[in-house]
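Student: One letter stands for each residue in the lines below.
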Amino acid sequence: MAADHSGSTQPHQRLIWFFQVLGLLLLIWIALNGLDDLLVGLLAAAAGAGLGAWLVPEAPYPWRPLRWLRFAVFFLWESLKGGLDVAVRALPPRLLIEPTFIDHPVALPAGKPTTLLVSFVSLLPGTLSVELDEQRHCLVVHALTAEGMASVDRLEEKLKRLFAGAPSA
Amino acid sequence: MTASEGLALLLLLAGSGFYFAGTVGLLRFPDAFCRLHALTKADNLGLCLICAGLAVLSADWRIASVLFLIWLLGLLAATVSAHLIARQARQAGADNIDPPEAS
Chain A
1 MAADHSGSTQ PHQRLIWFFQ VLGLLLLIWI ALNGLDDLLV GLLAAAAGAG
51 LGAWLVPEAP YPWRPLRWLR FAVFFLWESL KGGLDVAVRA LPPRLLIEPT
101 FIDHPVALPA GKPTTLLVSF VSLLPGTLSV ELDEQRHCLV VHALTAEGMA
151 SVDRLEEKLK RLFAGAPSA
Chain B
1001 MTASEGLALL LLLAGSGFYF AGTVGLLRFP DAFCRLHALT KADNLGLCLI
1051 CAGLAVLSAD WRIASVLFLI WLLGLLAATV SAHLIARQAR QAGADNIDPP
1101 EAS
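So the protein sequences, as listed, match chains A and B.
Sequential numbering of the first sequence, starting at 1, is according to the working numbering.
Sequential numbering of the second sequence, starting at 1001, is according to the working numbering.
Worth flagging that the hints you see were computed from the coordinates, not collected in a lab.
Note that beta-carbon positions come from the ideal geometry of N, C-alpha and C, so glycine has one too.
Misleading hints may appear alongside valid ones.
[Claimed, not checked] Looking from chain B toward chain A, a few residues come up when the C-beta cut is under 10 Å (computed):
1) L1027
2) L1036
3) N1044
4) C1048
5) W1061
6) S1065
7) A1078
[As the list claims (entries may be wrong)] Far from chain B by the CB rule (all over 10 Å, computed), these chain A residues:
8) R14
9) A47
10) V118
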């Protein structure tokens, strides 16, 4: 697809990608195995990151731990609202739902931001991602009530901030 | 019972409550799409609270980080499978059939 960052990936971009994934995989290794035998973990993480960097289809986005942290807080809060929302709608004697399908035009670039949007929409209160129309760049959302769509806009706003600016070219 | 055990108990009970609500939704909601709502949101929060409760109970950062990983994998599985099931249901035309009246 014709997004800015989906062209051929430059060698130094692959290197950035390698170190981002290496850090992540090492963290997972340490979580699973502790600090013993770190050398084995380092080798395994390097192998995984190397393979990823070799196969990566798009340029990496800049590493923004603070913005990701803020996004995690937003996500936790929305999860809490989502769980409560479903509980409140499912438990009373009369179900409080008016389900509809809504087409949501996606303003985010294709690739990672859109993938994350499609994934997170299902976890937010009142919305479920059903189908991504790649030609129109439009996401079909199933909403328990039409008001639920507000959370998709909020999510898109947050993701836009997360991926703002040109990817490190 | 220590304070941390009390906190863990609260978290575990709340988590079970959300699993319960999700299951009630799964049984009562009228069609596949609505049922997926119940499964993804309520179970996501239920798993989060249960993992948090177990992490508090274990008081061990290694176990806590593994529980965190479990939660992330659970989220990934929930959102991907919900999307695939919903897409399949729509392509099969499940959204054209009038759902039975919710009682």
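Student: Can you give the numbers of the hints that this structure goes against, from lowest to highest?
Tutor: 10
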